[in-house]
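> Whole structure, please, built from the sequences with the hints as guidance.
Protein chains: 2
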Amino acid sequence: MRSTRTAGKVFSSLLGRPFDLHQPGELGRVTTESSPYSIVLDIGYPRCDPAALMAGAQRATPGWRAAGPRRRAGLAVEILRRLNTRSHELALSVHHTTGQPLCAAFRAAGPHAQDRALEVIALALAECERVPTNLRWEDTRDARRGKAPLSVQGTCAAVPRGLSLLIGCPDYPIWNGYPGLFASLVTGNPVIVAPHPRSVLPLAITVRIAREVLAEAGHDPDVVTLAVREPGERLHQRLATDPMVRIVDFIGSARFADWLEKQASQAVVFAHRTGLNTVIVDSTDHYQALVRGLALALCRSSGTVRTTPQNILVPTSGIATDEGLISPRQFGADLGASLDRQLGHPTRVARLIGAVTGEEVRASLAEAARFGAVVHASGPLGHPEHPGADLRSPLLVRLGAQDDRIYAREWPGPVAFLVVTDSTSHSLAVFRRTVSRHGALFAAIHSTDPLVLAAVETAALDVGVHLAENLTDDVPADPASAVADLPGGDAHFVTGRFRVVRSRRHAPALNPAGGPVTGSGELVGA
Amino acid sequence: MRSTRTAGKVFSSLLGRPFDLHQPGELGRVTTESSPYSIVLDIGYPRCDPAALMAGAQRATPGWRAAGPRRRAGLAVEILRRLNTRSHELALSVHHTTGQPLCAAFRAAGPHAQDRALEVIALALAECERVPTNLRWEDTRDARRGKAPLSVQGTCAAVPRGLSLLIGCPDYPIWNGYPGLFASLVTGNPVIVAPHPRSVLPLAITVRIAREVLAEAGHDPDVVTLAVREPGERLHQRLATDPMVRIVDFIGSARFADWLEKQASQAVVFAHRTGLNTVIVDSTDHYQALVRGLALALCRSSGTVRTTPQNILVPTSGIATDEGLISPRQFGADLGASLDRQLGHPTRVARLIGAVTGEEVRASLAEAARFGAVVHASGPLGHPEHPGADLRSPLLVRLGAQDDRIYAREWPGPVAFLVVTDSTSHSLAVFRRTVSRHGALFAAIHSTDPLVLAAVETAALDVGVHLAENLTDDVPADPASAVADLPGGDAHFVTGRFRVVRSRRHAPALNPAGGPVTGSGELVGA
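Chains E and W, in that order, give the protein sequences. Straight run, no breaks: the first sequence in this note's numbering ends on number 647. Straight run, no breaks: the second sequence in this note's numbering ends on number 647.
The hints are simulated quantities; they were obtained by calculation from the structure and are not laboratory data. None of the values given here were measured: they were computed from a predicted structure. Treat the hints loosely; a few may be bogus.
Identical chains blur together in the list; that is why a pair holds if it fits in one copy or across any two.
Stated by the list, open to error - Calculated pairs, SDA-like style, for lysine to any residue (alpha carbon to alpha carbon, straight line, at most 25 Å): (1) Lys383 to Val366; (2) Lys383 to Ala187; (3) Lys130 to Glu506; (4) Lys130 to Leu162; (5) Lys383 to Asp363; (6) Lys130 to Phe140; (7) Lys383 to Glu506; (8) Lys383 to Pro171; (9) Lys130 to Asn205.
Written as structure tokens, this is what we have:
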């Protein structure tokens, strides 16, 4: 891996100039990004005719399919190896386009994200190779009548479903984008990568490296292309509903996921709803750790990303803790105080808080503060190195369970609601109702009661969301199963990208003019 | 297995009376079937309120999910074992409702169909058990700083997607229905079975046996229910688009498959298009075998089923054969003569030809005969045992490649077209265009030219249809991979029916108040 200094130079060399990809159908240049850290990006991406990109993918398809899963997986690993050497540059590109703190951006763009991709590559290869390539069987019915058995040989093939569209997201373009990209590539599908206009660079670098690897290996580079849109252009919608597009990957709002599942009916849609991350607080043996952990979670990269908790559900009767019964009001005050302590040091702020990249976050903060009781107001924070960066502390608003028209929708930016419910079982009902409708990246429960834990586990299974139980620390997600985070869980995420098609013929050794056979057969080899 | 005579008695005992299922929400009785073999069926199925069936399935869901994949697979096998003892009765029910000859009905309803189901059960169990149930990992970052590592344990669960709808088809209710039914059951999803009004009994018997097995094992029998509709009632459409229905299985016309994929956007749709079964004839070394095999295929159960070839593509320059160059006109005449030979014996007719069950087949035959040149006219045939049965010989009409408004749609009944193309590569283009749009159960190629075979193999992969090469006999489908016939190929057919959801917590041995951890972890056991 190159040093951070070199990576910084490479990154700087990308700024203020066209970003070349040598793709078909170039119509002009488009510049859509700006860094919240007062650096001028001004990168001009090629805007290409979508029809030309799709035609390019179609031309590239037969060769990519013919390469077979092992070679495709090998090239995918080579793409990943080169991306790995560019981790710092990718981290800077995520940092400057999403506003995430640099250390968080490195986690979201570097080896951890590559690890997820590697797991998907291995899984996709394994699933392709589970398809038996050669079969041979005999019909023995005639043998019983004294005739030679009729031998048939068959070939199975994992047939790629077709052109794949990756719709990039503005907060985790690489972390969320790589699994679908590499799953489609290894299963033999060309991919059009359509980044969010606010964060193009991380995926543009990725596409350029992928095209380089493909071309060097003698493949048509149009197996992977970048489709950049102007802000306001409905390119994602146009591509997603094109009859040629057979796979769509998207991680983001329930609204767009719903739209995709309804409108992109010609495609398999892998949509993951970020939705309403929910924390149910019932009781705890470690109150201080709970408050500190939750405050930290509310801060983490909270400028833009959707991985912070939004809805914190507490019963009106209070929380039983090792420090006695804590009322919702007291809990809110303690959370607010902990937030202030976390954000007391400028260097810590720079490490924890992301810079706001879009107007929608500022609008969201202003709007949310008008509802309910503001428990912790969002205020500007100073960045020690980038005085121009717009950093905001988390907003925490107390609501009643009846205010679901407010908390039962996704709020961009560092907006969280302390929702006071009638009881923990009421919290559970609110959780079920809101998350089954809007999805969530995760849910968390704090309780010392095994019955409550069991009930929440069942509810989390019912609504299909990952659950953390009594984890007061910012514990890493399951490192052994990155893919389990993906839409639909592991195997389906890759098996949905191909079909199995068979052909069969007489086995060569046999006289094809044998008598008619109508019965069943027996497998003689695989 | 009980004797045929006993099965006949059991079958007779079902006729002319209500068929009890003890399902929730019974509104009345509905009778929709009639046998083309002059037997009065007059079976009254319970018509149930769809909302009550869905509510019943919802009530049954937690217990069925909690049973786990091994127990569910065990019960599925027990259902199958009992179905196996009723094979003759099931065959009679398929014979009398679909019109298929009895021997064909036995193949489509008996051990062969059960074999497919057994394969799906094994596959679904294996896929569920691939999900790791317990994970444990440690965060060693703090250990490097001299602190004890933080241990986290995780649980993964294969969460059933939800209520499954099986839309039965009128020609192969069991053969086509069992894979989806058993895949959904083993992966933990309750199933509403909605048969085609023309063929209810085979699936009604199946549902009754499934409910008996479930109840005897202490499970809620509403895991499996039957939803019978009156002719003309849009019950299938209503159920398929209900928000509660999360999985839909359908094998049939491209038109309804398209509708389902568009409208049932809340569900995973496993739709298989029967479409345009196509035979491309280029050249052969065994002309007589080719003609005989093709004539036999045109006859086979041709009263109703969609497994006969519809479009036979031949180049206008003729077919190179071991008997010289055969013109399309000569080929048509030879096929017609072979059809007449095949149908020369009444007992053979009864074994080969299915009885027409619906007006649409008669209308289809009448309409198709008005286009092009009739090469072999469809005429009535006598059944040796059922003089009242309406048996029709296959219709073969010669068309030009330009007549695609005629041959590029599905024709019910024994209708086939000899389509004369400019050349074999033109045949290939016609095949690609029509089958990629309408699907097909299979394609076949006859050629002695390896280049033609390779081109057709590629085209078959492109359009995703199974291919038989130079198989002049009625060779059994690959017995080792029944599931490969299913929509989407094997693994996806079951993995699409569940999601993987994780929960995680501190490993019990550890002090949960350990310091904050933000790095990645290492897997220490699985």
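> A separate judgement is required for each hint: does it hold in the structure or not?
Do the hints match the structure? See the list:
no., hint, result
1, Lys383 to Val366, "both (15 Å within a copy, 15 Å between copies)"
2, Lys383 to Ala187, "neither (33 Å within a copy, 32 Å between copies)"
3, Lys130 to Glu506, "within (18 Å within a copy, 89 Å between copies)"
4, Lys130 to Leu162, "within (14 Å within a copy, 83 Å between copies)"
5, Lys383 to Asp363, "both (13 Å within a copy, 14 Å between copies)"
6, Lys130 to Phe140, "within (16 Å within a copy, 79 Å between copies)"
7, Lys383 to Glu506, "neither (46 Å within a copy, 52 Å between copies)"
8, Lys383 to Pro171, "both (22 Å within a copy, 24 Å between copies)"
9, Lys130 to Asn205, "within (17 Å within a copy, 72 Å between copies)"
Checked against the numbered hints above, the structure violates hints 2 and 7; every other hint is satisfied.
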